[in-house]
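A.B. asks: Sequence:
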Amino acid sequence: MNILTDTNVLLWFLSDNEKLSRVHKEAIESSENQVYVSVVSLWEIVIKLNIGKLELDEDFETFFSIITEFHGFKILQIFANHLFRYLKLPLLHRDPFDRLIYAQAKTENMLFLFTDDIFNLYES
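Everything in the sequence shown is counted per my numbering, starting at 3 for the first residue and increasing by one.
Hints listed in this document are in silico derivations from the structure and should not be mistaken for laboratory results.
It is possible that part of the hints are untrue.
[Said to hold, decoys possible] Calculated cross-link-like contacts (lysine-lysine; reagent style DSS-like; alpha-carbon spacing at most 27 Å): (1) Lys-108 with Lys-76; (2) Lys-76 with Lys-27; (3) Lys-76 with Lys-50; (4) Lys-21 with Lys-55; (5) Lys-76 with Lys-90; (6) Lys-76 with Lys-21.
The task is simple: from the sequences and hints, build the whole structure.
C.D. replies: The structure is reproduced here in C-alpha cells:
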C-alpha cells in the first residue's frame, strides 16, 4: 500500500514521539507499505526551520538523507492534478500545506496518515 504522511506524523515518527499512534507507526514501519513524503512537507519544514518555529536534531541535509536513504521514503512532487483537486476542496480549514498534502493523497489514492481531526470532515 502507498502511504502519504502528514508533516507532523513524519516528524513524530522520526523523533519517536509518543504522540504517534501505534497504528500509524506500524503502518510506516511495515515492509508491505511504501511511504511517501510530500515535497510540501519538506517545504513546510524548511520554512519553519528558517523562521525558528522548528528545530531538528540534525541539519536539513542529514534529515533529508535519513528520510530518503535510511528509511527509504519516496518524495512526492506536486503535479497539476494535485492542484486541480486542491481547488475543489471545501475551505474547512485554511492551512495551505495541509490542504495540498491531503489533495495529493486523495489524487494518488494513497492512505493518508494524519492526526488533525479536520481531515475527517472532508469527503473521501
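A.B. asks: Confirm or reject each hint.
C.D. replies: Going through the hints against the structure:
The suggested pairing of Lys-108 with Lys-76 holds, with an alpha-carbon distance near 17 Å, which does not exceed 27 Å. Proposed proximity of Lys-76 and Lys-27 is supported: the alpha carbons are some 17 Å apart, at most 27 Å. The hinted pair formed by Lys-76 and Lys-50 meets the criterion: a straight-line CA distance of about 21 Å does not exceed 27 Å. This hinted pair checks out: Lys-21 and Lys-55 have alpha carbons roughly 19 Å apart, not beyond 27 Å.
A distance of roughly 26 Å separates the Cα atoms of Lys-76 and Lys-90; the hinted pair therefore holds under the 27 Å criterion. Straight-line distance between C-alpha atoms of Lys-76 and Lys-21 comes to about 24 Å, which keeps the hinted pair within the 27 Å bound.
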